[in-house]
Every structure is written in structure tokens, then in C-alpha cells.
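S.K.: Can you make the complete structure from the sequences, with help from the hints?
Per full-length UniProt numbering, residue 1 is the first one in the sequence shown, and the count goes up by one each step.
None of these hints come from the bench; they were simulated from the model.
Treat the hints with care, as some may be off.
Stated by the list, open to error - Within a straight-line C-alpha distance of at most 27 Å, the following computed DSS-like cross-link-like pairs (lysine-lysine) qualify:
#1 61 <-> 27
#2 97 <-> 46
#3 185 <-> 92
#4 97 <-> 32
#5 27 <-> 121
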Amino acid sequence: MNELTEFNARNDLDNELASTVSDILAKAIKEKGKASIAVSGGSTPKGFFSVLSQSDIDWSKVTITLADERWVPIDSEASNTRLVHENLLQNKAEKAKFFHLKQGDELTDETLEDLNVAASKILLPLDVLILGMGEDGHTASLFPCSDQITSGLDETNDAALLKVQPKTAPHQRISFTFASLMTSKNIFLHSCGEGKKTVLTQVLNGDDPFEMPIRAFLQHPSLNTQIFWAP
1 MNELTEFNAR NDLDNELAST VSDILAKAIK EKGKASIAVS GGSTPKGFFS VLSQSDIDWS
61 KVTITLADER WVPIDSEASN TRLVHENLLQ NKAEKAKFFH LKQGDELTDE TLEDLNVAAS
121 KILLPLDVLI LGMGEDGHTA SLFPCSDQIT SGLDETNDAA LLKVQPKTAP HQRISFTFAS
181 LMTSKNIFLH SCGEGKKTVL TQVLNGDDPF EMPIRAFLQH PSLNTQIFWA P
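M.R.: Structure below.
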């Protein structure tokens with residue numbers, strides 16, 4: 001299931017999404033003493049990150065991570081870790097903890113196993129998940145072109161994270177699985193631009209998640225994914 005909210009301007013979306021997420025995190029901190037959020041990369045969330053970073057909550061009790069990451073050096077322009085540090089882990093949010101998905105030079109089986117254990121212990125289930133969407137309908141690094149898409153979308157997959165090698169995009173990736181992300185208490189799809197609105201229409205008019213993996217979230221009967229879109 002999904003619920004679409006359209007905004008007239010990206011600033012309006014950024015402000016509303018930041019306010020909503022801030023309230024959820026504050027409530028989680030009050031109820032259990034901590035909160036967790038996974039965000040997505042790209043240029044779309046920069047404005048949202050900036051607004052959220054100034055929210056007046058106890059950021060020292062918040063752990064931030066990424067829904068996925070490219071296995072590149074952290075100082076690379078392609079690094080989502082760098083993006084988060086430069087745009088979200090600023091201002092009041094500077095006090096938040098960051099769970100690194102990219103650890104070490106090589107994504108070995110041992111590294112992946114260690115990250116799976118740590119993610120399950122520290123992060124899951126997430127209080128907030130902010131997804132993005134590619135032109136091909138991928139979300140996180142669940143690419144329809146990858147050989148890993150079957151395990152990535154498998155609801156019975158016990159692994160929190162998996163290696164992904166997309167065939168239509170550069171860089172090896174590490175991504176949370178659908179099985180782990182679907183346990184998130186609040187799921188949002190943050191999307192901007194007329195091009196993405198066209199993709200979204202295509203997504204909603206079909207039903208095959210292996211063709212467009214974001215459908216796994218938007219059309220799952222037990223999930224309520226909130227779509228925030230602006231031109």
C-alpha cells in the first residue's frame with residue numbers, strides 16, 4: 001500500500017518531511033531511549049538533510065545509516081557516506097552516531113557477515129526509512145538488472161545486508177535487503193521532478209517487483225509507504 005502527498009515546491013516537501021521524521025525520532029527516543037534512521041543518497045535529499053540537521057531533538061541517541069552504499073573510498077564523489085557527513089551530520093545532528101556500511105577496502109564475506117551481525121543488533125528494525133527511486137525503478141541497491149535481485153527481494157531472507165553488482169550502474173554495492181527494510185516502522189519514498197513522476201506512474205501501473213523493485217514497497221499489502229513528491 002502507499003499514500004501519495006504532492007507538494008508545490010521542493011522546499012515545502014523538505015520542511016514537511018523533516019518535521020515528520022523529527023517527530024518520529026523524538027517519539028522513539030522517548031519510548032525506548034534511542035532511534036534509528038536509514039537514508040538514501042543522490043542529490044534529491046540534500047535539502048531535506050539540511051532542514052532535518054537543525055531539528056531540536058536529542059541527536060546523541062539517534063543512529064543514522066544508509067539504505068545502501070557504493071563500495072568506493074569515503075572521499076569519492078560517488079560516496080553516499082560523504083554526502084551524509086557533509087549534509088546531514090551537521091548542525092544539531094552532528095551529535096548523531098553513524099553506522100558505516102562501507103568498512104575496509106574490500107567487501108569480503110567476512111566483512112559482510114560482521115556488518116550483518118552489527119546491523120541486526122544496533123539498527124533493526126529501523127524507526128525511519130527514507131527511500132529513493134531510480135529511473136529503472138530500483139531502490140536502495142536493489143537493481144532489477146543484478147543477479148542478486150532474487151535474494152534481495154526475498155521476504156524470507158535472513159540476511160540484513162547483501163553484496164550487489166549492478167549491470168547498468170558502476171561500482172559494487174552493499175545494500176539492505178527488502179526483508180530487513182520492510183520491518184521499518186515508518187517508510188517514505190522521497191522523489192522529485194517530472195521525470196520521476198513519470199517513473200512513479202509506471203511503477204504504480206504495474207505489479208512485477210523484479211521489473212521495478214520499488215514496487216515491493218509500494219504495493220505490499222502489509223506495508224504503508226508514504227510517497228512525498230515535488231516538481
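S.K.: Compare the structure with each hint and give your call.
M.R.: Going through the hints against the structure:
no.: 1; hint: 61 <-> 27; result: 12 Å, holds
no.: 2; hint: 97 <-> 46; result: 19 Å, holds
no.: 3; hint: 185 <-> 92; result: 24 Å, holds
no.: 4; hint: 97 <-> 32; result: 16 Å, holds
no.: 5; hint: 27 <-> 121; result: 21 Å, holds
In summary, this structure violates none of the numbered hints.
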